[in-house]
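Participant: Chain residues, written in single-letter form:
2 protein chains.
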Amino acid sequence: MSSEPLYQQLVNEWTTLIQTGTVRPGERLPSVRKACAMHKVSPSTILLTYRTLEDRGLIEARPQSGFYVKSAANLPLPRMRRQSAAHHTGGEVVDQIEAVMGAQNQADFIDLSLASPRGSDFYPTTRFKHIMGRLLRQHPELTTDYPFPPGSERLRRQIAQRAVSWGCVLAADDLVISNGCTEALQLALRATCKPGDTVGVESPTYFALLPMLKDLGLSVIEIPTHPTSGLALDALELLLSEKRLNAIVAMPTVHNPLGSTMPPEAKQRLAQLVCDYQVPLIEDVPHADLFYGATTPDAVKAYDRDGWVLLCASYSKTLAPGFRIGWIAPGRFLSAVRRLKFASSLGQPALLEETLAEYLESGGYDHHLRLIRRHFINQMEKLRGAVAQHFPTGTRATLPSGGCLLWVELPSHADTMQLFHAALAERITVVPGAMYSAKGRYRNCLRLSCCYPWNEAYQRALARVGELAGQLADKD
Amino acid sequence: MSSEPLYQQLVNEWTTLIQTGTVRPGERLPSVRKACAMHKVSPSTILLTYRTLEDRGLIEARPQSGFYVKSAANLPLPRMRRQSAAHHTGGEVVDQIEAVMGAQNQADFIDLSLASPRGSDFYPTTRFKHIMGRLLRQHPELTTDYPFPPGSERLRRQIAQRAVSWGCVLAADDLVISNGCTEALQLALRATCKPGDTVGVESPTYFALLPMLKDLGLSVIEIPTHPTSGLALDALELLLSEKRLNAIVAMPTVHNPLGSTMPPEAKQRLAQLVCDYQVPLIEDVPHADLFYGATTPDAVKAYDRDGWVLLCASYSKTLAPGFRIGWIAPGRFLSAVRRLKFASSLGQPALLEETLAEYLESGGYDHHLRLIRRHFINQMEKLRGAVAQHFPTGTRATLPSGGCLLWVELPSHADTMQLFHAALAERITVVPGAMYSAKGRYRNCLRLSCCYPWNEAYQRALARVGELAGQLADKD
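As given, the protein sequences belong to chains C and Y, one line each in that order. Counting from 1, position 260 in the first sequence corresponds to residue 260 in UniProt numbering; the numbering is continuous, with no gaps. Counting from 1, position 450 in the second sequence corresponds to residue 450 in UniProt numbering; the numbering is continuous, with no gaps.
The hints are simulated quantities; they were obtained by calculation from the structure and are not laboratory data. Check each hint, because a few of them may be wrong.
If several chains are the same, the list does not tell them apart, and a pair holds so long as it fits within one copy or across any two.
No more than 35 Å apart at the CA atoms, straight line, and that leaves these computed lysine-lysine pairs for DSBU-like [to be verified]:
no., residue 1, residue 2
1, K34, K194
2, K243, K439
3, K382, K129
4, K40, K70
Note that the structure is a prediction, hence the values are computed from the model and not measured.
Start from the sequences and build out the full structure, keeping to the hints where you can.
Facilitator: This is how it looks when you write it as structure tokens:
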């Protein structure tokens, strides 16, 4: 059997899937290995299929990440230049966060900054209401008994079962429930570092991490991070070999703000590095369940043989932002994290833990995830299209592998702090790039969200931010 | 009008009230000033009344605290000797807490250690169920919106309104909601101290405070504390004048474990001291609403003119242990606490905050408090009676001003760590006194709780612990 007709057949199949929107822009195609198994063909046939689809402009290869359905929007990837701002003061990040959060609480603002959608349409609130009603009737002690760490065993069992899809073999007893992923990070940092220590973080990184590190008396080294493949491991290894890091915080799956996911080989190497150098890695993956691909990528924790990885996540981005339920699998730091949780804030509300556990047991979560992933893939393509249309020439943007966040890079002289204030004056909230760096980097970047319903107000706000960005870019 | 017939009339009235159990053992009589206003008589008449009641063995004066209905149990106050254990290691408190907590989670244990009752009979769970059901129907966004500090404004308004009865004039914006009083304490310590600082605490103190201080890199100085009048202010002033303290943590109203409440003049002096020396006071009062008297005593915060007092409390001991809702009024440290709460764990679950706010608005809390205070007064008298009956000669115990905790001092050579293990072997949990000191003090003390329903199993367990204590005392 010749491979020519076969690959042609596959090209036709995939073309149909893409053109009918069954697989959408931004979605990742199966890896070559997986596609071989799926179609029972050789790697060369799959490569030929993918190259042909690429030539036809339907898909694109992303370095170290795989093949993706191509976005219609013509936006090159950000260059991620690392110059710091000349007038950086250091205290800015916290002030800036307060300004952005203050704006978020205004009901009549168009919010292009939120990292999770508002409103009950998006979440299984009706299910929660029914479960909670029954639990309150049958188990009133859920509101009256003191909850102690590590938290609901039933919920921890569910989390451990789900972690299998991230390649992790965990038991309920390996986990501690926390007040969202934020407290999980805080506990992880306190369990692994002492004041004066230095923590390596991605650049850019989750903005709320920076004040947390400062509050804990920890210094920061920002490590270059690629818009599709994530943390630069050569740079990390250099720092490790120089013994300059006491811990690392990274978001290897669906990075915030870049949307990047490290390829499996990179994750494996990262796990090996932290094991070799015996430096704890805090793997922060609250957005991982929003990965666009059909299968969930393995966590770095999946390759962790000696317990140096502390895996932190939550259900705040996918199910119940209002429950404040996060969790941590702290590896060799388990007993330290349990003690710290006990001494810092005791347990979490058992009623909410049990509600979530019952929802997860009932098996509706995977279906729910498919719906919201599809929704975000769709919204993200529209958002990228709007940026390509309305933002000034020279604008670049990420191609997120999941989630609802887009990182936009304006021409290098534009200042998004000015853009933030100009947009705020028109009741529109965006997040300025400088919030994602302790060194005042990314002054020409901003983070946009596609959480907002795709209505006229949102589109008008996006167009207006693009226009304001154009005015800033023209000022040069 | 001569005062003789009048005081005699008052003596008869009070005798009836006491003998019919309308006012019960452990309850505090109105202060002389209040009684004067109540009965429209002179102070000398009231003093004569109280002295006569005292002579008849119906009430007793407690130093610096007032007159109380006398307990039937003949138990002298603890002597509070401060010798440290010879073999103290320092790591014991945390290990001991884990052992006690581990035992508490065993369903078939008789638990004489809990600081709040279990079971839904004690709390307004039915009301919570109804409120929560309606909130979930009408406001599903309570589970889906991200909650940010400082927490529900509606709840903060209720807390501020209730703080008036503690003599505090607070606005909703002066408050931050926390994950129980435990997180409030943690945030207060982080806002006021840096690692390496020294914190003054009462001796004995709330046991979970000790690992918290250790985790935060803070040193401890234990300050003598009186079983009825609380923190020894002369000792505190000595330390303040020597500039040895960076902050103070104290429980001036219904101390845990002593049950002491500082008299108003002492609280006023304490407020003045921390203001004069500009040293923050973390006023930790989760048990204050369980004060036995008819009127709520003022907080130290009531006398705080310059914001040096950080008032921390919760609803975990009175309404909903499972909600994990605490709060802090951080005074001049407000913005630091807000930022720390944001960076440490974000907000608390809004559904639970709003449920509690609606319950408090509806006005049922005062009635509920009256019921549980009366319950504890009753139970405490029975507990003290059982200790007097079953524990060895030479046993001493506190006369709590509120709450459900009794501090028992055995003859000085008895070791309550041994008692803890001996009781545990018979499935009974008590808290050994050494847990309340970083220096291994109070090895001959233990804390008992009257939370448990007053049934045969509880009485048998108490008698058995007394018997075991007697065996230890005899070993000498």
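Participant: 35 Å Cα cut-off: does K243 pair with K439 within a copy, between copies, both or neither?
Facilitator: Within one copy only: 21 Å inside a chain, 37 Å across chains, cut-off 35 Å.
Participant: If the cut is 35 Å between Cα atoms, do K40 and K70 qualify within a copy, between copies, both or neither?
Facilitator: Answer is within; shortest intra-copy Cα gap is 25 Å, inter-copy 88 Å.
Participant: Within a copy, between copies, both or neither: where do K34 and K194 come within 35 Å Cα-Cα?
Facilitator: neither (44 Å within a copy, 53 Å between copies)
Participant: At most 35 Å between CA atoms: does that hold for K382 and K129 within a copy, between copies, both, or neither?
Facilitator: within (33 Å within a copy, 43 Å between copies)
Violated hints amount to a single one, hint 1; each of the other numbered hints is respected by the structure.
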